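Single-letter residue listing:
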Amino acid sequence: MIEHAFRGSKRYWSWLLFLGLIILAGFYFYMRQFSYGLGITGMSRNVSWGLYIAQFTFIVGVAASAVMVVLPYYLHDYKAFGKITILGEFLAISSVIMCMLFVFVDLGQPFRVLNIFLYPTFHSLMFWDVVALTGYLVLNVIITRVTLAAERNSIPPPKWIRPIIIISIPWAVSIHTVTAFLFAGLAGRPFWLTAVLAPRFLASAFSAGPALLLLLCLLLRKLTNFDAGEEAIKKLGMIITYAMCVNVFLILMEFFTTFYSHIPEDAAHMQYLYFGLDGKARLVPWMWTSAVLAVVSLAILLVPRARSNHRTLGLACIAVFLSIWIDKGLGLVITGFIPSPFGKVIQYWPTLPETLIALGIWAIGVFFITIFYKMALSIRREIEA
Amino acid sequence: MSISRRTLLKLAGITALGVTAEKYATAHAGSTAAKVLSKAVGAGKRLTKSNVQQKVRLAMVVDLRKCVSNQGCTKCIDACNRGHNIPDLGDSKDAIKWIWKEPYESAFVDQENFYMRDEFKNKMVPVFCNNCDNPPCVEVCPTQATFQRPDGIVMMDWHRCIGCRYCMAACPYGSRSFNWRDPRPFIKDINPDYPTRTKGVVEKCTWCDERVDQGLLPLCVEACPEKAMVFGNLNDPNSEVRQLLKDNFSVRRKPGLGTSPEVYYLV
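The listed protein sequences correspond, in order, to chains A and B.
Its first residue numbered 1, the first sequence is counted upward by one per residue in the numbering used here.
Its first residue numbered 1, the second sequence is counted upward by one per residue in the numbering used here.
No lab work stands behind these hints, which were simulated from the structure alone.
Some hints could be false.
What the hints assert, rightly or not - Think about it this way: if two alpha-carbon atoms lie no more than 25 Å apart in a straight line, the pair counts; the simulated PhoX-like pairs of lysine-lysine are:
#1 A:Lys-234 / A:Lys-222
#2 A:Lys-344 / B:Lys-93
#3 B:Lys-121 / B:Lys-188
#4 B:Lys-121 / B:Lys-227
#5 A:Lys-344 / B:Lys-227
#6 A:Lys-10 / A:Lys-280
#7 B:Lys-101 / A:Lys-222
#8 A:Lys-159 / A:Lys-79
#9 B:Lys-75 / A:Lys-280
#10 B:Lys-227 / A:Lys-280
What the hints assert, rightly or not - Distance ranges between label pairs, derived from CB positions:
#11 A:Gly-135 / B:His-159: 56 to 62 Å
#12 A:Thr-289 / B:His-159: 43 to 49 Å
#13 B:Arg-117 / A:Phe-259: 28 to 34 Å
#14 A:Val-141 / B:His-159: 32 to 38 Å
#15 A:Thr-289 / B:Val-68: 25 to 31 Å
As the list claims (entries may be wrong) - If we take Cβ atoms under 10 Å as the criterion, some of the chain A residues that face chain B in the derived model are:
#16 Gly-82
#17 Ile-97
#18 Met-100
#19 Ala-267
#20 Met-270
#21 Ala-291
A quick note: this is a predicted structure, and the numbers were derived from the prediction, not measured.
Glycine residues also receive a C-beta, built at the ideal position from the N, C-alpha and C atoms.
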C-alpha cells in the first residue's frame with residue numbers, strides 16, 4: 001500500500017520537497033527552542049500558553065470532524081460519501097499527528113513526556129486528552145488500513161471492522177469534548193469557564209473540518225482525475241452551513257451572557273478580545289476579521305444558488321476555515337490569560353521561531369495528507385484500470 | 001377456585017414484605033445513590049474544609065497593618081530569593097517570582113471598592129502561593145509533579161514536571177512561575193543548601209517546606225522586621241495564627257472560587 005507514496009509525478013515530488021524544506025526550518029528552530037528553552041517564544045509568566053496550544057485546540061477540531069463523513073456513510077449507509085470517507089479519515093490521522101506534535105513542542109521537558117503514562121492521573125483532564133487522542137489515532141489507523149486493503153482487493157471489508165468504526169464516531173466527539181474540558185473546568189479562568197465551550201468547540205469543528213475537506217476535494221478535482229461527486233460536495237456544503245450557523249449562534253450566546261451580566265472578571269476578557277482593554281488591542285483586528293469572514297461565509301452558504309456554485313462555495317469554505325482558525329487558533333486560548341489573575345493586561349504575540357515551529361508542524365500535517373491521499377487515489381486508479 | 005387460609009396468609013406476608021422492602025428501598029436507595037454519585041463526581045468537595053481532620057494544617061497570616069512594603073521594604077522577598085536560588089530576571093516576561101509585591105487592588109482584584117480606606121488604596125501587598133486546601137494546580141497536573149502534603153503544603157517535584165504549564169493555567173493567583181530559560185546564570189550567589197532548577201519546569205513558593213521539616217519558620221516570616229508575617233498550625237486552637245484570626249478581621253484572595261486559600265491578610 002505504502003509503495004504508492006514512493007511513486008509519483010514530478011509535481012508530487014517537488015511539492016513534498018517544498019514541504020520538507022518548511023519542516024526542516026521548523027525543526028531547526030525547534031532545536032534552538034530545545035537548547036534555549038521556551039523563552040524563545042512570546043509566552044510569558046502571564047500568558048503561559050500561546051500559539052502551540054491554540055493551534056492544538058483548533059486542529060483537534062479538524063481531527064474530530066471526520067465524523068461528519070464517517071457517520072452518514074457507515075451509520076446511515078449514505079452512499080454518496082463512499083468516495084470521500086477515506087479522505088476524511090486520513091485527514092483525521094494527519095490532524096491527530098499535528099495535535100500531538102503541538103502538545104509536544106509546548107512541553108518544557110519533552111524527554112519526560114512519558115511521565116503522563118508512568119504516573120497516570122485520572123483527575124487531570126490532560127491525561128484524558130492524551131488517552132482520547134492516542135485512541136482516536138489508533139482507531140483511524142486501523143480503520144483506514146483495513147478498509148483500503150479491502151477496497152484494493154475488491155472485497156467487502158471484514159465484519160469485525162464495523163464495531164470499530166462505530167466506536168470511532170462517539171470517540172471523535174469525545175476528543176473535542178475532552179479538549180474543551182481542559183479549559184472549561186478551571187475556576188480561575190472565567191473566559192473559558194462556560195458550559196457552552198464544548199458544544200461551541202464541536203460546532204466550530206464540524207464547520208471548519210468539513211470546509212477543509214471540501215476544499216481538498218475541489219483541489220483534487222483540479223489537480224487529479226479524482227471526483228468526489230456532485231452529491232457529496234452538496235451534502236458537505238449543507239453540513240458546513242448548519243454547523244457554521246450553530247457556531248455563530250453559540251458565539252453570540254457568549255456575547256449575551258458576558259455583556260448583559262457584565263460581571264467585570266468575565267467581561268474583561270471579551271472586552272480585550274473584541275474592543276481592547278487599557279488601550280491594548282492586539283487581537284481586535286483579528287477578531288473582527290474573523291467576524292466579517294463568518295458573516296460573509298454565511299451570506300454565501302445560506303443562499304442555495306451561491307452554495308451550489310463551486311467557486312462561491314469554495315470561497316465560503318475558505319472564509320469558514322479562516323474565521324474559525326482566528327477564533328479558536330488564536331483568540332480563544334490567548335484571551336483566557338488576558339487580563340492576568342491580577343487584572344493586568346499583558347499581551348502576547350508569537351515570535352518568529354515560534355511561528356516557524358508551528359508552520360513546520362502544519363507542513364508535517366500537509367505532508368502526511370499528501371502521501372495518504374496519494375496512496376488512496378493511486379489504489380482507486382489501480383482498481384479502475 | 002379456592003385458596004386455603006394458609007396460602008392467603010403466606011401471600012399477604014410476602015406482599016407486605018415486598019412493600020416494606022420497596023418502601024425501604026425508595027426511602028434509602030435515593031440517598032445512597034446520591035451519595036455514591038456525589039462522591040464519584042467530587043461534588044461538595046470544595047464546600048468543606050478537607051483538611052480539618054488533620055492534626056496539622058499550616059497557614060500564614062500577613063498583617064497588612066504592620067507591613068511596610070510601601071516604604072520600600074523588600075526583606076521577605078530578598079530572604080526568599082537568596083534562600084531559594086531564585087534567578088534575577090528583572091520584571092521580564094521570563095521572571096520567576098515566589099513572593100513579591102502587588103498593589104492592593106491587584107492582589108484583591110475581585111474586591112473592587114473605590115472608596116477604600118486611603119492607606120489601603122496604595123498599599124503594596126506581599127503575595128505568594130496560598131497553598132490552598134483544594135489546590136486546582138494539583139487537580140490538573142497530569143503527572144502528580146505537584147501534590148499536597150498532609151499538612152497542606154502544595155509541593156513541586158522538579159524532576160517529574162514535564163513543563164506543560166497546565167498548573168499555571170489553573171492557578172487563580174498567578175503564583176506559579178515557569179523556567180522559560182536556564183535560570184542558573186541569573187542567580188547571584190548560589191545557596192548550596194537548596195537546589196537550583198533547570199529550564200522547562202514550573203516552580204513556586206512551598207512555605208519553605210525544607211525548613212518546616214526542621215522545625216524552622218519560613219524565611220520570609222523570619223526576615224520580616226515588623227513581625228507582620230505569622231506562620232503556624234491552623235488546627236491548633238491555641239496557635240498564634242488562630243489567635244490572630246480570632247481577634248482580627250481577615251480577608252483571603254478570591255475565596256469565592258472554592259480553593260480555600262490558606263494565606264490570611266489582616267486589614
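The hints, checked one at a time:
no., hint, verdict
1, A:Lys-234 / A:Lys-222, "holds, 17 Å"
2, A:Lys-344 / B:Lys-93, "holds, 13 Å"
3, B:Lys-121 / B:Lys-188, "violated, 34 Å"
4, B:Lys-121 / B:Lys-227, "holds, 22 Å"
5, A:Lys-344 / B:Lys-227, "violated, 30 Å"
6, A:Lys-10 / A:Lys-280, "violated, 49 Å"
7, B:Lys-101 / A:Lys-222, "violated, 62 Å"
8, A:Lys-159 / A:Lys-79, "holds, 18 Å"
9, B:Lys-75 / A:Lys-280, "violated, 34 Å"
10, B:Lys-227 / A:Lys-280, "violated, 40 Å"
11, A:Gly-135 / B:His-159: 56 to 62 Å, "violated, 29 Å"
12, A:Thr-289 / B:His-159: 43 to 49 Å, "holds, 45 Å"
13, B:Arg-117 / A:Phe-259: 28 to 34 Å, "holds, 32 Å"
14, A:Val-141 / B:His-159: 32 to 38 Å, "holds, 34 Å"
15, A:Thr-289 / B:Val-68: 25 to 31 Å, "violated, 50 Å"
16, Gly-82, "violated, 40 Å"
17, Ile-97, "violated, 19 Å"
18, Met-100, "violated, 13 Å"
19, Ala-267, "violated, 13 Å"
20, Met-270, "violated, 17 Å"
21, Ala-291, "violated, 26 Å"
Going through the hint list in order, the structure does not satisfy hints 3, 5, 6, 7, 9, 10, 11, 15, 16, 17, 18, 19, 20, 21.
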